[in-house]
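Chains as they are written, first to last, in this note's numbering: chain A, 22 to 365; chain B, 5 to 293; chain C, 162 to 399.
Treat the hints with care, since some could be wrong.
Said to hold, decoys possible - Pairs of lysine to any residue, SDA-like flavour, derived with a Cα cap of 20 Å: (1) Lys289/B x Ser173/C; (2) Lys81/B x Ile326/A; (3) Lys237/C x Glu277/C.
Stated by the list, open to error - The following label-pair restraints were derived from C-beta to C-beta distances: (4) Tyr134/A x Gly380/C: 20 to 30 Å; (5) Phe303/A x Gly328/C: 43 to 53 Å; (6) Leu163/B x Gly328/C: 50 to 60 Å; (7) Lys228/C x Phe175/A: 33 to 43 Å; (8) Ser58/B x Phe303/A: 41 to 51 Å; (9) Phe6/B x Ala161/A: 25 to 35 Å; (10) Phe303/A x Gly202/C: 51 to 61 Å; (11) Ile53/B x Gly106/A: 56 to 66 Å; (12) Ala173/B x Lys27/A: 44 to 54 Å; (13) His171/C x Leu82/B: 26 to 36 Å; (14) Phe175/A x Ile266/B: 50 to 60 Å; (15) Arg179/C x Phe303/A: 49 to 59 Å; (16) Phe333/A x Gln170/B: 29 to 39 Å; (17) Asp280/C x Ile167/A: 26 to 36 Å.
As the list claims (entries may be wrong) - Far from chain C, by Cβ distances over 12 Å, these chain A residues were calculated: (18) Lys25; (19) Tyr208; (20) Leu209; (21) Thr222.
If you're looking for bench data, these hints aren't it; they were derived computationally from the structure. Note that the Cβ used here is the ideal one computed from N, Cα and C, for glycine as well.
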Amino acid sequence: MMNKLKKWITTENIVAVALFGYLFTYPMMNSAYRTMNMANFLASIILALSLALVWGYTGIFSYAQAAFYGIGGYTYAILCKNFAGPTLTPAFLLAAMAVGFLAAMILSFFMFYGGINDVFVALITMCVTLVLETFLQQTAGPQWKIGKAALGGFNGINSITKLTFGSTVMRDKNLYIFALVLLTIIYLGFRYMERSKLGYTLISIRENRERSELFGYNVAFIQMMIFSVAGAMAALAGVIYTTWGGYIVPTAVGMTQATIPVVLVAAGGKKNSTAVILFSLFYLTLSQRLAASGTQYSLIILGAILLLVVLFVPKGIIHSLFEILDEKVVNPLLNRSEKKGGCK
Amino acid sequence: MFSYLYQFLDSFSFLVLAVSGLSIIFGMMGIINLAHGEFIMLGAYAMTIMAKASVPLPLAIILAALLVGLFGFVVDKLVVCRLYDRPVDSVVATWGISLLLRQGILILLGPSLPGLTTPMGTFMVGGTSYSIYRMVLALIAVVLLVLMYWLFMHTRFGLHSRATMQNSATAQAMGVNTAQMYSLTFTIGSALAGLCGALYGPTMTITPTMGQAFQNDSFVTVIVGGANPLIGTALSGTVLGVIQSVLNITMGTFFGKMGLLIVAIIVIRVLPKGFSGLVESYMMKRKNR
Amino acid sequence: MRTPIIDLQHVSKHFGGRKAVDDVSLTIEDGELHGLIGPNGAGKTTILKLITGTYELTAGSVHFDGKDISKEKIWKRVRDGISIKMQIPGVYHDLTLRDNMRIAAQRYVAPRHLNEEIDRLIEMVGIQNLGNPLVKNMPHGQQQWLEIAMSLASKPRLLLLDEPAAGMGPEETQFTAEIVKRINATGMTIIFIDHDMDFVEQIAKRVTVLHQGRIFAEGTMAEIRQNEEVAEIYLGKA
Numbered sequence: 022m023m024n025k026l027k028k029w030i031t032t033e034n035i036v037a038v039a040l041f042g043y044l045f046t047y048p049m050m051n052s053a054y055r056t057m058n059m060a061n062f063l064a065s066i067i068l069a070l071s072l073a074l075v076w077g078y079t080g081i082f083s084y085a086q087a088a089f090y091g092i093g094g095y096t097y098a099i100l101c102k103n104f105a106g107p108t109l110t111p112a113f114l115l116a117a118m119a120v121g122f123l124a125a126m127i128l129s130f131f132m133f134y135g136g137i138n139d140v141f142v143a144l145i146t147m148c149v150t151l152v153l154e155t156f157l158q159q160t161a162g163p164q165w166k167i168g169k170a171a172l173g174g175f176n177g178i179n180s181i182t183k184l185t186f187g188s189t190v191m192r193d194k195n196l197y198i199f200a201l202v203l204l205t206i207i208y209l210g211f212r213y214m215e216r217s218k219l220g221y222t223l224i225s226i227r228e229n230r231e232r233s234e235l236f237g238y239n240v241a242f243i244q245m246m247i248f249s250v251a252g253a254m255a256a257l258a259g260v261i262y263t264t265w266g267g268y269i270v271p272t273a274v275g276m277t278q279a280t281i282p283v284v285l286v287a288a289g290g291k292k293n294s295t296a297v298i299l300f301s302l303f304y305l306t307l308s309q310r311l312a313a314s315g316t317q318y319s320l321i322i323l324g325a326i327l328l329l330v331v332l333f334v335p336k337g338i339i340h341s342l343f344e345i346l347d348e349k350v351v352n353p354l355l356n357r358s359e360k361k362g363g364c365k
Numbered sequence: 005m006f007s008y009l010y011q012f013l014d015s016f017s018f019l020v021l022a023v024s025g026l027s028i029i030f031g032m033m034g035i036i037n038l039a040h041g042e043f044i045m046l047g048a049y050a051m052t053i054m055a056k057a058s059v060p061l062p063l064a065i066i067l068a069a070l071l072v073g074l075f076g077f078v079v080d081k082l083v084v085c086r087l088y089d090r091p092v093d094s095v096v097a098t099w100g101i102s103l104l105l106r107q108g109i110l111i112l113l114g115p116s117l118p119g120l121t122t123p124m125g126t127f128m129v130g131g132t133s134y135s136i137y138r139m140v141l142a143l144i145a146v147v148l149l150v151l152m153y154w155l156f157m158h159t160r161f162g163l164h165s166r167a168t169m170q171n172s173a174t175a176q177a178m179g180v181n182t183a184q185m186y187s188l189t190f191t192i193g194s195a196l197a198g199l200c201g202a203l204y205g206p207t208m209t210i211t212p213t214m215g216q217a218f219q220n221d222s223f224v225t226v227i228v229g230g231a232n233p234l235i236g237t238a239l240s241g242t243v244l245g246v247i248q249s250v251l252n253i254t255m256g257t258f259f260g261k262m263g264l265l266i267v268a269i270i271v272i273r274v275l276p277k278g279f280s281g282l283v284e285s286y287m288m289k290r291k292n293r
Numbered sequence: 162m163r164t165p166i167i168d169l170q171h172v173s174k175h176f177g178g179r180k181a182v183d184d185v186s187l188t189i190e191d192g193e194l195h196g197l198i199g200p201n202g203a204g205k206t207t208i209l210k211l212i213t214g215t216y217e218l219t220a221g222s223v224h225f226d227g228k229d230i231s232k233e234k235i236w237k238r239v240r241d242g243i244s245i246k247m248q249i250p251g252v253y254h255d256l257t258l259r260d261n262m263r264i265a266a267q268r269y270v271a272p273r274h275l276n277e278e279i280d281r282l283i284e285m286v287g288i289q290n291l292g293n294p295l296v297k298n299m300p301h302g303q304q305q306w307l308e309i310a311m312s313l314a315s316k317p318r319l320l321l322l323d324e325p326a327a328g329m330g331p332e333e334t335q336f337t338a339e340i341v342k343r344i345n346a347t348g349m350t351i352i353f354i355d356h357d358m359d360f361v362e363q364i365a366k367r368v369t370v371l372h373q374g375r376i377f378a379e380g381t382m383a384e385i386r387q388n389e390e391v392a393e394i395y396l397g398k399a
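This is chain A alone, in the form it adopts within the complex (with noise of 0.2 Å):
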């Protein structure tokens, strides 16, 4: 029993177990005002594993996961501009979710089944971004509406019924706490999957796609699907951001925003969902007191990160810590050698 237990203690797992302490008793420790902007970051953190998902454990780098975010929260605002009532908002989220599912299935069907890899989806998932963005931002006449939504060009559309459950309204503590919910549940997604078929499956796209179509893997499909989850993944991000600020704006899906899951991800450790949490937290939290105090080095920041990780630790700054410590300490104290298998 004891063994079986001390095959849990990693440095990983003590993290993931201080963090969501940490998480869950935040808004006891916090004010309304600092937990409502916690939320805003645990979207942000949900885009950033869903660049995760597709990047670090698949190998498909995806520059198009803002722009599943801002489809997540311009479907859910234009709903919610056509059927008023808050009580259908629910059923927005969903749909939102499933036009960013759709929608990434459209654009990876195209690009796997067409057999472009690599440097190419980097591309063309530019492209579709800033296709995207440039046309959002062009929709300030009013013949630009779906509906009774008009689209709005650089303003986007505000004033967004936000999201509620029966009589409860997602804000403040309630977003918090719901946006919670789903990070955890997405986590342990993530922490099963790494030990499951899935997990290695899509290690083994990771690693050698050629060589997995010949182990019998349908590669193009697996990489359609996953791409497809993460793009709802990323639409339900955009749809707890939209609900958070009651409007979403072109911005929302621009390069820059685009970036944001980049540098969180390849700087916390695009293979570990655990590293990737950490490290946005930390980031977001830092960005946003720099901003604060009206420095403009934040984004001098962020290249910086992305440039020195890039060049010097491609595999994230946390993943990489979690590596030494595991070696250097935790498995020396508990008189283990390392044989780790699975995603790491």
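Position chains B and C relative to chain A; hints supplied.
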């Protein structure tokens, strides 16, 4: 009628001048330099600063190009050379560099520099006035293409470049110093970007984000053109020039931008090697008939 | 009567101007241990890749167990019963030996039997004493044996081995020969490529010689050994 021609020449020269640097780097090394727009911006800044310091315009332009080339050399030595075999990572890294440059210039030199006025004045056709300078740029674009052709086809450097582009392992075995080739290519590519910025500088507002205007179009043109900097650039510059000018005139510049991006998406899917690949396979088929 | 398990009819593969495989017709019977030999560039690996579907046919057809698979996707062919060990080891270098096996086997066996099955495959090939190292730390020969074990996981009816003894010394080559014979004894058809003529002679019943994309000669190894023209093509005279 003339307005279409003018628009076309304007788009064509813009694309060719903006793209040549990027396409040489892509063709040689398979790396998409996402900081390309920022190199162009640096060229514009360098030229403007020198011109304001009373350096004659043509000299300022050439010096600016050289300075940016030097900067590119440094960037290659520090960053890019470690990523020759990691194309996706180089996309991420150059994006980081572009952020640093944009924000860095903003912090160092403020949100804009007082610019120059477009030299050479205007000429009239059918009641509308057009800029002479922009026509001169079109001429320079053509001269550049001719120069590139000469360089690649009739010099030893060009021979080595083409060999390395086709098959770097073999070229290396034949004694071509591929690492040096890559370095030189990145430097030249950067200088060309600087040249573009310096040439267009007098016609634009000098801001840290001005490179972004060139960025999307350049990288679309490179993708559509493919790895051959000559054929690819010329062909895609032409085709995209037509598409963009038609869209600009009929539906406005937003749709011009979107049109190019959509063409890029389709081309990547249908012709991943771009026009270069198309031409290459056509020539192979002819050779084997 | 033995039924042909793989039947190539007038198969060609052109790359741009180069004819890598030119009008090859070849039939392999079920249960055969068949060698494909020939000088470098003769088209041997290309033929294997045409069978797996990695390359598309320029002309001709491929039938597997009576079914035309010419247009089938790679993963479908693998699930139908074709498997390959590649020339350059197709293993996952950054993963452990057992993780490699897991990836190869998890599609073909229920999760609760997975570990058992991995053990069985490892033993069949004879690498059970290697422990569970990271594959990139394993010597080349052991990587090749691992890949053979992985290629057996899909329970193939046809196993393609591209240079299974490449780069191996005499003892390792012998070990590999034993592995191949052992697998063939279970009824699996094997087509293999190799340059080591002693190795080929040890295990192959029949042999096909390829030269410049075409079939140059066929027969038992003894016959081929005596064929002067075959010797000449190896020495570059033909």
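Status of each hint after checking the structure:
no.	hint	result
1	Lys289/B x Ser173/C	holds, 17 Å
2	Lys81/B x Ile326/A	holds, 19 Å
3	Lys237/C x Glu277/C	violated, 26 Å
4	Tyr134/A x Gly380/C: 20 to 30 Å	violated, 44 Å
5	Phe303/A x Gly328/C: 43 to 53 Å	holds, 48 Å
6	Leu163/B x Gly328/C: 50 to 60 Å	violated, 36 Å
7	Lys228/C x Phe175/A: 33 to 43 Å	violated, 59 Å
8	Ser58/B x Phe303/A: 41 to 51 Å	holds, 50 Å
9	Phe6/B x Ala161/A: 25 to 35 Å	holds, 32 Å
10	Phe303/A x Gly202/C: 51 to 61 Å	holds, 56 Å
11	Ile53/B x Gly106/A: 56 to 66 Å	holds, 60 Å
12	Ala173/B x Lys27/A: 44 to 54 Å	holds, 49 Å
13	His171/C x Leu82/B: 26 to 36 Å	violated, 57 Å
14	Phe175/A x Ile266/B: 50 to 60 Å	violated, 21 Å
15	Arg179/C x Phe303/A: 49 to 59 Å	holds, 55 Å
16	Phe333/A x Gln170/B: 29 to 39 Å	holds, 32 Å
17	Asp280/C x Ile167/A: 26 to 36 Å	violated, 59 Å
18	Lys25	holds, 17 Å
19	Tyr208	holds, 23 Å
20	Leu209	holds, 19 Å
21	Thr222	violated, 8 Å
In summary, the numbered hints that this structure violates are 3, 4, 6, 7, 13, 14, 17, 21.
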